[in-house]
Each structure stands twice: as structure tokens, then as C-alpha cells.
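In case you want the letters, here they are:
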Amino acid sequence: MRQQIPLLITFIVGTLLIVSVFIPPFGDLETTFNIWFDIIAVFAFFLGGGNLLRVHINKLRKRKRDWGFSIVTIVGFLVMLIAGLFKIGNPGDIASAVDAPGSLFYDIFNSVQYPLSATMYSLLAFFVASASYRAFRAKNREATLLLIAAFIILLGRTPFGVMLTYWVPDSTSLLQIPNLAIWIMNSPNLAGQRAIMIGIGLGVISMSLRLILGIERSYLGGDK
Amino acid sequence: MRRTTYIVVAGVVLLFGLSWVLHAVSMSGEADGIERAFMITMAAFLTLAIYSFLYKDNPFYKFAEHLYVGVSAAYWMCQAFWSTIVGNLFPRLSEGLSNYFQQPYQASGWNITYWIPVILGIMLLMRLTEKYGWMSRWPLAMIVGTTAGLNFVRYLRSDFVVQVSSTFMPLLGEDPHRWQGFGAFISNLDLSATGQLAAIVSNWVIFFGVICGIIYFYFSKEHSGAFGRASRLGIWILMITFGASFGYTVMGRISLLVGRITFLFRDWLEIIS
Numbered sequence: 002m003r004q005q006i007p008l009l010i011t012f013i014v015g016t017l018l019i020v021s022v023f024i025p026p027f028g029d030l031e032t033t034f035n036i037w038f039d040i041i042a043v044f045a046f047f048l049g050g051g052n053l054l055r056v057h058i059n060k061l062r063k064r065k066r067d068w069g070f071s072i073v074t075i076v077g078f079l080v081m082l083i084a085g086l087f088k089i090g091n092p093g094d095i096a097s098a099v100d101a102p103g104s105l106f107y108d109i110f111n112s113v114q115y116p117l118s119a120t121m122y123s124l125l126a127f128f129v130a131s132a133s134y135r136a137f138r139a140k141n142r143e144a145t146l147l148l149i150a151a152f153i154i155l156l157g158r159t160p161f162g163v164m165l166t167y168w169v170p171d172s173t174s175l176l177q178i179p180n181l182a183i184w185i186m187n188s189p190n191l192a193g194q195r196a197i198m199i200g201i202g203l204g205v206i207s208m209s210l211r212l213i214l215g216i217e218r219s220y221l222g223g224d225k
Numbered sequence: 007m008r009r010t011t012y013i014v015v016a017g018v019v020l021l022f023g024l025s026w027v028l029h030a031v032s033m034s035g036e037a038d039g040i041e042r043a044f045m046i047t048m049a050a051f052l053t054l055a056i057y058s059f060l061y062k063d064n065p066f067y068k069f070a071e072h073l074y075v076g077v078s079a080a081y082w083m084c085q086a087f088w089s090t091i092v093g094n095l096f097p098r099l100s101e102g103l104s105n106y107f108q109q110p111y112q113a114s115g116w117n118i119t120y121w122i123p124v125i126l127g128i129m130l131l132m133r134l135t136e137k138y139g140w141m142s143r144w145p146l147a148m149i150v151g152t153t154a155g156l157n158f159v160r161y162l163r164s165d166f167v168v169q170v171s172s173t174f175m176p177l178l179g180e181d182p183h184r185w186q187g188f189g190a191f192i193s194n195l196d197l198s199a200t201g202q203l204a205a206i207v208s209n210w211v212i213f214f215g216v217i218c219g220i221i222y223f224y225f226s227k228e229h230s231g232a233f234g235r236a237s238r239l240g241i242w243i244l245m246i247t248f249g250a251s252f253g254y255t256v257m258g259r260i261s262l263l264v265g266r267i268t269f270l271f272r273d274w275l276e277i278i279s
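Residue numbers (the numbering used here), protein chains in the order written: chain A, 2 to 225; chain B, 7 to 279.
Since the hints were derived computationally from the structure, they do not count as laboratory data.
Calculated cross-link-like contacts (lysine to aspartate or glutamate; reagent style DMTMM-like; alpha-carbon spacing at most 20 Å):
1. A:K65 - B:E71
2. A:K60 - B:E71
3. B:K68 - A:D67
4. B:K62 - A:D67
5. A:K65 - B:D63
6. A:K60 - B:E136
Examples of chain A residues toward chain B, derived with CB under 10 Å:
7. W37
8. F38
9. V80
10. M81
11. L156
12. I183
13. I206
Heads up, the beta-carbon is just placed ideally off N, CA and C, and yes, glycines get one too.
Here chain A stands alone, though its shape is the one from the complex (with noise of 0.2 Å):
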């Protein structure tokens, strides 16, 4: 049962919502199952949370290494919680939005949070500077398409790209280094894109028939 229930209700909803596309009255099951998507999505926000909590805590009690870390997750986690939660500084009343400005949430977002999250990815920049370092060898003629598509975009992108070539005149313009650049986005690029696209569409498709089908069963775990 703990198996057959869950099989069902895949294939209950999953047909529902492809046959809905096809029958008029239904055609509000989808906002209703999206609606309904989202509600359990919250859950599991929470569940994320109780998890991070838990484990933190864990850590914390057992002493494990690094265990004083797991106070500062814990207490930004709480305090960020409880500035969202209950609105802590917010000018508005309680309709007005969570992260409007002036409140502790909106404050601890712009000077924790942003900045956190920006450095975080402007810190991979470092790492693929020095991955295509290595990595980027004209070895043979694939890796030399690669190397030159991604220079002519990078330097498509900066003012050193259009003063390489300002003085190409209009009539041959696509070999301007920016245009050139524009170009590569919206033709090779867009080729092998949409073919990884149709590809991946293909994919979600027979994946999807096979979830709803009950086929695919690896997201229930084991049999307990």
C-alpha cells in the first residue's frame, strides 16, 4: 500500500492534467494543480528548513567538527526567520510587503544576503579564469571552435572589442568584432541550442510518460 497509494495518485494527477489540455471543463485544473503545486512547495520550504535545523543542531550537540559554524547558520537562519515571520521594522501594516524597504528583512537582504550571494558567483569568475586557463587548448579542431567562439564573445562584450575593429566600414559590418559576436549568439549558437532543446524536450517527454506510468519508481526510496 505504501507503494501502490503514491503510484496512483502520479498517474491520477498526471493524466488529469494532460487530458485537461485537451477538454474545455478541465482547463482550470492546471491553474488549480499549480495553485495547489505551490502550497505543498512552501511545505517544503519548511521541511527544508526543519532539516538545516536539525542537522546544524546535531552538529552543534555531537561537537563535530567545525560545530561553532553550525551556531552562525543557526542564529542567522532564526533571526532572518523572525524579521520575515513577523515583520520586524516594516513601515507598512501587515498587508504591505515583507521585504519592503526599511524593514529588518530588506536590511539584512541588501547587507547580508546580496552581498553574500553576489561575491559567491563573481567568485567563480576566478575559477573559470583559471580552469580555461588549462583547459583551453587549440588540441584540435573542435577545441579550436570552442576557444575562438568564446573569445570573440568575450571581446565582443568589452570596449576593447569595438576599438579593434571601429574602422571596418558599414558595408562590412558583420565583421566588426561586437556584430561578429552578436552573430554567433543568435545563429551558431542558436542552432546548437535548439537542438540540445528538442533533445532535452524529448527527454522530459518519455520521462514524464514514464513517471506517470509508474515505469520510473526511483522517487519513492526503498519499500519501507
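Based on these hints, arrange chain B on the given structure of chain A.
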């Protein structure tokens, strides 16, 4: 921790404490000057703490990393609670709750069905317990079923039908409805970026590039002869795509880096205006 670590931590705390005081003094005329000075100093400290990882893993990076995990988890929980639970669920469940949260009540005979996702959501939380963890399979099945049903139609439309139909484009001239004869066609052939030749070459590259790219992904037939040559062309197109994506991603990261460095030099150190 070693004695050196304590000294470095104390030095950094002192340095940023001093930075806060200096900023607070310079902002003393403004409302919330002390608070704003603290926020700028905190953001600068966290930015430098993350960049310190470029040297090697260290306590400052670990502090920033752990803080990021905690704050981000709470941020998304709060956003989800206020937008979905308060914005979408309460107005359908109870008039009292709607009035309390000042949301317009959406009366409907079907509102009772919205208890189903609430019950499934509570069942999902049972995953935190060992004894009733199996109950979370039902909401999981609901999530998987909804995703499968919605994605089946969505991907069939947008990633398959639309992409295939968009690939069929004119190979001689930009727009077949504006064809003005071969004379005009030949006289307009130049290498201008907005010209006819560039558009035609683009259409050829897209049409044959997509077909060859798909051929490369087709593994049920040996890649030899004409099929092999098409597959080879497909690899070239894919390599250009990966190169372009790489360049595009790097530029995105560089612009974020420029943003952070601008923050440090303009808002924190006030060296540039």
C-alpha cells in the same frame, strides 16, 4: 584554534569595528547613520570574507558561507509564506484569516479542496520523523505527478513543436513575402550586419545546424558516411555553442565582480565617486 588565528580574528574585528565607527561619524548627520554605517561595513566584511577563499579555506570564509546558508533558507521560507500561504491559500480557506492578513477573501464552493494541499504539506513534514516518514511519499507523488503532467504538455509545445517549426525558415532571402527578384537580391548582397546576406547565412546555419546537432545526438545508427559527416558538423555547431555559452557566462560573472569591487571602492572605502 591556534594563537595566530585568534590574533588575526581580533585584528580583523578591530579593523572593521574602526571602519564602522569612521563611517558612522561621516554619516552622523543622516537619519539611521549608525545603522547604515553598520550595514555597509557588514557587507564589505562579508564580501572580503568570501574573496579570502581565493587564498585558501579559512575561518572568515566558513563564517560567511554558513551565514549565507542560514539566511538564504530563511529568506526563501519567508517569501514563500507571505506570497503563497498568505497570498493564495488563506484567502481561499477562511474569511477570518483573510481579514486578519488584509487579503481579499475569494469565496467559492470549491474552496474546501484547498485543504488537500494543506494536508499533503503536513504529510510532507512527517519526513522529519522516523516513524511516519513514509507518509511524505503521498505529497511527493502529487508533486511528481503534477510536474510530469505539466511538463509533458509544456515541453512538447515549447521545446519540441515550437523549436522544430521555428527551424523551418527561408533559405533564399529574409522574408519570402518581400521577394523582389534576383536582380535586387544580388545587388543587396554585402557583409553588413543587418544586411540580406547575413540573414541568409544565419538561416542556413540555423536550419542545417539544428539538423546536424540532432544527428550528433542520434546514437541508434553508426556515425559513418554522409551521416557521419553531418554528425561531425553537428559537433562543430555544438562546440561553437559551448564556447559562446562559456564566454557569455564568464562575462556575467565578471560584471558581478565589477559590481562588488565598485561597492568596495565606492560605498565602503569611498575612494571613487
